[in-house]
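Protein chains: 2
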Amino acid sequence: MNSILSNLKIQVNEKIYVKDPETSPLGKKIIQQSILLIDEIGFDNFTFKKLGEKIGSNESSIYRYFENKHKLLVYLSSWYWSWMEYKLVFATTNILDPSEKLDKAITIVTEKVTDDVNTEHINESILNKIIIAEFTKTLQTKEVDQENKEGFFLIYKRVINRIVGFINEVNPEYPFSKSLASTIVVGSLHQHFLTEHLKTITDCNEYVSTTQFYLNLTKNVLR
Amino acid sequence: MNSILSNLKIQVNEKIYVKDPETSPLGKKIIQQSILLIDEIGFDNFTFKKLGEKIGSNESSIYRYFENKHKLLVYLSSWYWSWMEYKLVFATTNILDPSEKLDKAITIVTEKVTDDVNTEHINESILNKIIIAEFTKTLQTKEVDQENKEGFFLIYKRVINRIVGFINEVNPEYPFSKSLASTIVVGSLHQHFLTEHLKTITDCNEYVSTTQFYLNLTKNVLR
DNA sequence: GCAAATATAATAGTATTACTATCAATATTG
DNA sequence: CAATATTGATAGTAATACTATTATATTTGC
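Protein chains in written order, with the UniProt record's numbering: chain W, 1 to 223; chain E, 1 to 223.
One or more hints might be untrue.
[To be verified] Stretches of chain E that chain W covers, calculated by requiring three or more beta carbons in the stretch to come under 8 Å of a beta carbon on chain W:
#: 1; stretch: 37-50
#: 2; stretch: 62-68
#: 3; stretch: 146-159
#: 4; stretch: 179-186
#: 5; stretch: 201-212
[Stated by the list, open to error] Distance condition first, Cα-Cα at most 27 Å in a straight line; then the derived DSSO-like pairs of lysine-lysine:
#: 6; chain 1: W; residue 1: K69; chain 2: W; residue 2: K49
#: 7; chain 1: W; residue 1: K199; chain 2: E; residue 2: K149
#: 8; chain 1: E; residue 1: K199; chain 2: W; residue 2: K104
#: 9; chain 1: E; residue 1: K157; chain 2: E; residue 2: K69
#: 10; chain 1: E; residue 1: K15; chain 2: W; residue 2: K149
#: 11; chain 1: W; residue 1: K129; chain 2: W; residue 2: K54
#: 12; chain 1: W; residue 1: K149; chain 2: E; residue 2: K112
#: 13; chain 1: W; residue 1: K142; chain 2: E; residue 2: K28
#: 14; chain 1: E; residue 1: K157; chain 2: E; residue 2: K49
#: 15; chain 1: W; residue 1: K149; chain 2: E; residue 2: K137
#: 16; chain 1: E; residue 1: K19; chain 2: E; residue 2: K157
#: 17; chain 1: W; residue 1: K199; chain 2: E; residue 2: K15
[As the list claims (entries may be wrong)] Ranges of calculated distance between the beta carbons of each label pair, as one might list FRET restraints:
#: 18; chain 1: W; residue 1: R64; chain 2: E; residue 2: E111; range: 41 to 49 Å
#: 19; chain 1: W; residue 1: E206; chain 2: E; residue 2: Y174; range: 19 to 27 Å
#: 20; chain 1: E; residue 1: Y174; chain 2: W; residue 2: A91; range: 39 to 47 Å
Everything labelled a hint here was simulated from the structure, so no lab data went into it. Ideal placement from N, C-alpha and C gives every residue a C-beta, glycine not left out.
Input sequences plus hints: build the corresponding full structure.
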């Protein structure tokens with residue numbers, strides 16, 4: 001996968017940002033350091049002022065890239081799901097057996113992420129931690145319908161729908177492929193969260209992975 | 001169920017509030033109206049000042065009941081899960097067949113809620129909407145480990161563990177009962193959210209219920 | 001290599017949020 | 001009816017979430 005993705009330029013919806021952060025060194029620094037800072041202090045405590053201090057830039061400069069911190073989180077999420085889509089596509093291309101393809105896909109989306117060295121300014125492993133801890137906050141706002149209309153969540157929905165396609169190939173009769181796919185994707189984030197913080201209500205841990213749980217579940221449901 | 005619960009006094013962890021809102025008319029008004037206001041404007045836009053205006057009380061009076069709005073949301077969630085636990089217990093008591101008991105339990109926790117007339121100041125149907133839209137925010141903070149230690153999420157975990165018990169009765173060999181139970185409970189909230197806001201990635205709608213999806217899934221997984 | 005255009009930094013300012021403190025007024029209770 | 005507790009009103013602080021303006025760099029196009 002390394003060489004294939006070495007020129008990876010992830011596209012996110014233009015409406016999410018004021019100015020594309022990929023087009024300047026400051027923009028890239030904003031992305032890189034916001035990931036580290038959100039991981040460090042949490043999204044609720046994160047402010048553009050603190051980010052400005054961290055990167056030695058002025059608050060007002062950050063506002064020229066993102067309207068507010070919510071949009072920045074939507075950007076990071078879109079980037080993450082876009083990157084995940086690449087991984088999904090490359091891992092499943094040329095695999096003919098539907099079950100094997102679905103298993104690969106489930107493994108990709110439920111696995112704990114390690115850093116992808118091909119993107120210099122983004123640490124995917126830490127971004128994955130942010131997605132686990134904060135992703136639902138991008139959806140759970142009063143503006144969700146408006147933002148959905150504007151296409152803020154298109155990439156995320158595309159990831160789900162790719163998995164829906166794989167599920168349908170394995171079992172075209174199964175009537176809940178969309179709900180199963182969304183359950184796997186968002187549910188695995190939650191299981192990772194529980195493994196980290198509420199260990200008593202999950203079976204997933206360092207020995208039994210979230211991936212094993214969802215592979216087993218899916219196999220049984222589609223059989 | 002009506003008569004059994006008519007004197008229902010839900011207990012929540014004392015550390016969640018400064019002063020028990022159940023002990024005064026103002027406290028009850030805070031609970032009642034905060035549910036309506038959070039539903040109306042969303043938790044992110046909700047402030048004690050706005051709540052004060054709504055109930056004709058001073059902001060500072062509300063602070064005598066809750067330290068901040070996060071704790072109020074934790075209180076509302078605890079109340080909800082405690083009420084849910086009552087419903088679970090009464091719906092499953094005296095049912096001997098493990099599968100039937102599990103089905104009842106899944107139905108209770110995944111169903112859309114209608115108002116319970118036995119609690120005068122709380123509209124459970126609207127509270128359910130808040131839980132669907134905001135529950136994960138009670139967990140997804142930097143303070144989750146500390147608050148978990150203080151027992152803020154005990155009732156929620158108890159609900160999950162009751163379902164774990166039912167799952168184990170149906171199939172003692174199944175190795176992921178905790179993950180399955182937490183997936184059902186938090187996943188069904190998410191499916192309700194998708195039905196409302198991102199319809200293209202769920203199969204649940206007015207004709208096919210979230211409950212049907214989880215009953216089918218559980219049956220297949222434990223068979 | 002320089003002028004024009006663009007990006008960034010610095011500063012200031014506003015409205016709102018998230019509280020805390022104090023004291024007066026009102027209700028409750030023993 | 002006095003003591004106690006509760007609520008309301010007011011004021012105040014620090015932080016947040018921005019917007020606007022102007023100065024200073026940096027980039028680019030010729």
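(message) Hinted pair, alpha-carbon criterion (27 Å max): E:K19, E:K157. Please report holds or violated.
(response) 24 Å, holds
(request) Quickly compare the C-alpha distance for E:K157 and E:K49 to 27 Å and report which way the hint goes. (result) At roughly 32 Å apart (the allowed maximum being 27 Å), E:K49 and E:K157 break the hint.
(message) Verify this for me: three or more residues of the stretch 146-159 of chain E with a beta carbon less than 8 Å from a beta carbon of chain W.
(response) Contact hint for the stretch 146-159 of chain E vs chain W: holds, 3 residues under 8 Å.
(request) Please work out if W:K129 and W:K54 have their alpha carbons no farther apart than 27 Å. (result) Distance of about 20 Å is within 27 Å: holds.
(message) Would the hint linking W:K142 and E:K28 be met if the CA-CA limit is 27 Å?
(response) Between W:K142 and E:K28 the Cα gap is close to 26 Å, so the pair holds against 27 Å.
(request) Indicate whether the distance between the beta carbons of W:R64 and E:E111 respects the range 41 to 49 Å. (result) 48 Å, holds
(request) Sort out whether E:K15 lies within 27 Å of W:K199, counting only the CA atoms. (result) This hinted pair holds, its Cα atoms lying about 22 Å apart.
(request) Please count how many residues of the stretch 37-50 of chain E have a CB within 8 Å of a CB from chain W and say whether that reaches 3. (result) holds (count 4)
(request) Look at the Cβ atoms of W:E206 and E:Y174 and judge whether their distance stays inside 19 to 27 Å. (result) 21 Å, holds
(message) When I compare C-beta atoms, does the stretch 62-68 of chain E have three or more residues closer than 8 Å to chain W?
(response) Not satisfied, violated; 0 residues make the cut.
(request) Mind checking the alpha carbons of E:K157 and E:K69 for me, to see if they're no more than 27 Å apart? (result) 22 Å, holds
(message) Verify this for me: three or more residues of the stretch 201-212 of chain E with a beta carbon less than 8 Å from a beta carbon of chain W.
(response) holds (count 6)
Hints 2, 10, 14 and 20 from the list above are not met by this structure, while the remaining hints are.
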